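Visitor: Here's the letter readout for the chains.
2 protein chains.
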Amino acid sequence: MRVELLCTGDELVTGLITDTNSTYLEARLFDLGVKVERVVLVGDVRPDITQALLEASSRAEVVVVSGGLGPTADDFTLECAAAAAGVPFEEDARVLGWLQERYAARGLPINPSALRMARIPRGSEPVRNLVGSAPLVILTLGRCRLFFLPGVPREFRALLDGEVLPRIQAELEARPGRVFRAFRLLRTVGLPESEMDLAVAPLASSHPRVVFGFRTHAPENHLKLMAEAPSQTEADGALAAAEVDCRRVLGARVFGADGDEYAPVLLDVLGRAGATLATAESCTGGLIAQWLTAVAGASTVFVGGAVVYSEKMKSAWVGVPPEILERHSAVSSQTAIAMAEGARAACGTTYGLSVTGYAGPGGGTPEDPVGTVYCALAGPDLVTRCERMSFPGDRERVRLFAASHTLEMLRQHLLSAARP
Amino acid sequence: MRVELLCTGDELVTGLITDTNSTYLEARLFDLGVKVERVVLVGDVRPDITQALLEASSRAEVVVVSGGLGPTADDFTLECAAAAAGVPFEEDARVLGWLQERYAARGLPINPSALRMARIPRGSEPVRNLVGSAPLVILTLGRCRLFFLPGVPREFRALLDGEVLPRIQAELEARPGRVFRAFRLLRTVGLPESEMDLAVAPLASSHPRVVFGFRTHAPENHLKLMAEAPSQTEADGALAAAEVDCRRVLGARVFGADGDEYAPVLLDVLGRAGATLATAESCTGGLIAQWLTAVAGASTVFVGGAVVYSEKMKSAWVGVPPEILERHSAVSSQTAIAMAEGARAACGTTYGLSVTGYAGPGGGTPEDPVGTVYCALAGPDLVTRCERMSFPGDRERVRLFAASHTLEMLRQHLLSAARP
Numbered sequence: 001m002r003v004e005l006l007c008t009g010d011e012l013v014t015g016l017i018t019d020t021n022s023t024y025l026e027a028r029l030f031d032l033g034v035k036v037e038r039v040v041l042v043g044d045v046r047p048d049i050t051q052a053l054l055e056a057s058s059r060a061e062v063v064v065v066s067g068g069l070g071p072t073a074d075d076f077t078l079e080c081a082a083a084a085a086g087v088p089f090e091e092d093a094r095v096l097g098w099l100q101e102r103y104a105a106r107g108l109p110i111n112p113s114a115l116r117m118a119r120i121p122r123g124s125e126p127v128r129n130l131v132g133s134a135p136l137v138i139l140t141l142g143r144c145r146l147f148f149l150p151g152v153p154r155e156f157r158a159l160l161d162g163e164v165l166p167r168i169q170a171e172l173e174a175r176p177g178r179v180f181r182a183f184r185l186l187r188t189v190g191l192p193e194s195e196m197d198l199a200v201a202p203l204a205s206s207h208p209r210v211v212f213g214f215r216t217h218a219p220e221n222h223l224k225l226m227a228e229a230p231s232q233t234e235a236d237g238a239l240a241a242a243e244v245d246c247r248r249v250l251g252a253r254v255f256g257a258d259g260d261e262y263a264p265v266l267l268d269v270l271g272r273a274g275a276t277l278a279t280a281e282s283c284t285g286g287l288i289a290q291w292l293t294a295v296a297g298a299s300t301v302f303v304g305g306a307v308v309y310s311e312k313m314k315s316a317w318v319g320v321p322p323e324i325l326e327r328h329s330a331v332s333s334q335t336a337i338a339m340a341e342g343a344r345a346a347c348g349t350t351y352g353l354s355v356t357g358y359a360g361p362g363g364g365t366p367e368d369p370v371g372t373v374y375c376a377l378a379g380p381d382l383v384t385r386c387e388r389m390s391f392p393g394d395r396e397r398v399r400l401f402a403a404s405h406t407l408e409m410l411r412q413h414l415l416s417a418a419r420p
Numbered sequence: 001m002r003v004e005l006l007c008t009g010d011e012l013v014t015g016l017i018t019d020t021n022s023t024y025l026e027a028r029l030f031d032l033g034v035k036v037e038r039v040v041l042v043g044d045v046r047p048d049i050t051q052a053l054l055e056a057s058s059r060a061e062v063v064v065v066s067g068g069l070g071p072t073a074d075d076f077t078l079e080c081a082a083a084a085a086g087v088p089f090e091e092d093a094r095v096l097g098w099l100q101e102r103y104a105a106r107g108l109p110i111n112p113s114a115l116r117m118a119r120i121p122r123g124s125e126p127v128r129n130l131v132g133s134a135p136l137v138i139l140t141l142g143r144c145r146l147f148f149l150p151g152v153p154r155e156f157r158a159l160l161d162g163e164v165l166p167r168i169q170a171e172l173e174a175r176p177g178r179v180f181r182a183f184r185l186l187r188t189v190g191l192p193e194s195e196m197d198l199a200v201a202p203l204a205s206s207h208p209r210v211v212f213g214f215r216t217h218a219p220e221n222h223l224k225l226m227a228e229a230p231s232q233t234e235a236d237g238a239l240a241a242a243e244v245d246c247r248r249v250l251g252a253r254v255f256g257a258d259g260d261e262y263a264p265v266l267l268d269v270l271g272r273a274g275a276t277l278a279t280a281e282s283c284t285g286g287l288i289a290q291w292l293t294a295v296a297g298a299s300t301v302f303v304g305g306a307v308v309y310s311e312k313m314k315s316a317w318v319g320v321p322p323e324i325l326e327r328h329s330a331v332s333s334q335t336a337i338a339m340a341e342g343a344r345a346a347c348g349t350t351y352g353l354s355v356t357g358y359a360g361p362g363g364g365t366p367e368d369p370v371g372t373v374y375c376a377l378a379g380p381d382l383v384t385r386c387e388r389m390s391f392p393g394d395r396e397r398v399r400l401f402a403a404s405h406t407l408e409m410l411r412q413h414l415l416s417a418a419r420p
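Chains as they are written, first to last, in UniProt numbering: chain A, 1 to 420; chain B, 1 to 420.
Derived from the structure by calculation, the hints contain no laboratory data.
There is no bait here: all hints are sound.
A few chain B residues that don't get close to chain A, going by computed Cβ distances all over 10 Å:
#	residue
1	V200
2	F212
3	A229
4	P321
5	H328
Listed next, the in silico EDC-like pairs over lysine to aspartate or glutamate satisfying Cα-Cα at most 20 Å (straight line):
#	chain 1	residue 1	chain 2	residue 2
6	B	K224	B	D258
7	A	K224	A	E37
8	A	K224	A	E243
9	A	K224	A	D260
10	B	K35	A	D44
11	B	K224	B	E193
12	B	K312	B	E323
13	B	K35	A	D74
14	B	K35	A	D48
15	A	K224	A	D245
16	B	K35	B	E228
17	B	K224	B	E195
18	B	K35	B	E61
19	B	K35	A	D10
20	B	K224	B	D236
21	A	K224	A	E234
22	B	K224	A	D10
23	B	K35	A	E11
24	B	K224	B	D197
25	B	K224	B	E261
26	B	K224	A	E11
Have a look at the derived ranges for each label pair, beta carbon to beta carbon:
#	chain 1	residue 1	chain 2	residue 2	range
27	A	P71	B	K35	22 to 28 Å
28	A	V131	B	P366	33 to 39 Å
29	A	T233	B	G364	43 to 49 Å
Note that the coordinates shown come from a computational prediction; the quantities given were computed from them, not determined experimentally.
Built from N, CA and C at the ideal position, the CB exists for glycine as well.
Assemble the whole structure, with the sequences as input and the hints as a guide.
Guide: Below, the structure is given as structure tokens:
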């Protein structure tokens, strides 16, 4: 089914608000196996809206239109629809009745501007809006069905879920040759997009029913798999087979699927191992602690984190010997190791993690330029491990990747420790 | 100037991500006096992208295209552009050189999929991307100029601000009959939008050339002033007069203007006072430390932050007496005060800040339900002050407002201390 969306409103093209109605509708349609082909946003300009309605209805079988159904002077989407269809724009007795009931129920007289909402294109079908005033309006233009919805997200979603999607679903189910889809997002860290592509690309030919896609969401990279087949069982089967292959080549870099978030996944792995964690952060300045504690219930695993932004506090809070700082400097593997061990000792936790480095833009040395970060992991089942990393990019990016890499050292360790 | 946007990517039409690049660009263009006429989102489908490029370039003078410039198999926007322009799609020596340099700088061999990014439509102009691999590409199609940008928001914004907008602005300035605009964004914290509206609304009638707008950017609220006039001098004058009036009614809640960010402003106030700072965070879990250390040079002011996520660490790192924890609990004004004083003592700083509370969704007591937060400030020139706050919303929101309120206690104290 060819579906397009048209969203109207000056607020959508002047940067005032981000259009989230489309995202919501796209996801609901995708669940039904429909990939939206095009989304168009136009301002409150009559000829632009009329033109966009004509174009979309000439291409698509279904067009969902949002915005411009309200009572104010810049609400004229249905007037444009009447112009596009070449029919009169006139008051509808049913809609008028609904509006009168709605105002009466609130003990208010209906005001003249609200009466604007009773006008619809002749021949269109109004459907009552139970959470607002402007009705859903359904209009057929050539071979296209257009659904007009209010742009207010609450009303948009209620009418979409209650009225529009059930109609689309019924039509899909009545069609022969319907395509079924299944979807999986695999989330990785520590794997550049180009490496992921190289690893996964050879698999595509073995899975002709699956579309492979990539998405960067720093510091993560995601692999999207979408299977299409003539039945849901076949789509699910094709997806499962592709997922097994992809997980095999991506290995432990996959930390989760679909809606999984990194910090809850890591806390869960720690929790299942019965382990606790402490951190000592220099250049990441609390970013790791903040990620972990953003998760409800983190306190069962995370005991404490020291943001040691001066040499003095590296010694005072996590016991880094002043000799080490003097001899090797605050940015060194020796200091990172002492920090991880010191955080673990101070908090009495199973594991200790630390980060120290040059996030930039200032600082750095010829041997350790800006972007150099030492990440360390201490624990009862390993010799304290330190990795020297070199991250490109600005301060924000260096901190982001440094925090991510440090946590990932721990996750990888827990995974390998859990293996028989 | 007729401007349209075209965003490509399956993730934009399947509900995976909301397109925020457009919102960003629309707002920047609006500041230049340009209202975007149409935004089109299409999936990764070659004929759809080619068709959309042809349509947009037939209507608009400028089209900004985002997405599909990367190294993977679903990146083919420039290939579609070459098809739309009827020119060959070929490797460009300049782009190839930039890619080689970028990989060499990271000590990596260039991989074959990255080489895809060196191909551009013949006759187009590549501009180097300093924060990523894929370049900006500028192509003229008929009377339309098309700018192709990577869809990754960080790269999109850097190339937009650094390369695309200056070119558009230069073209606008060369046109006759233009309207001159002047802008000011006043940034506040601790002031609800409705209160700001009540304070500022009476001023609007005295400033007919100025449009007043409000923007919520939790935990901040911003007042946007836009003056329009036939000359730049008049626009600047009208803006300056409105700004003086607004600053008068908003007072010290205004922490900055335009691009000012809260943390750098606070660090600057501290630095000018010759003061240093330490923090002890419980429910905000490092959020305050992370905000401050995200600013380059924070180490001259910020000495250390303890994320004390257990009673034990509240005593060990910032010396909260166990009797206080036992008698008043970890969420109490007594604990908050001991934490602020303890952080200050441990780090030897001028000021100490602390936060402890119930961020939710679990926890809380009948007297101190979820959302209750105690924020404290200790320093040499005041009796340690604690404020009990009650923040609505989910865990993320409670943490955000708790961190913001705690920092703002310090900023307000420094402002009043600096007054004669």
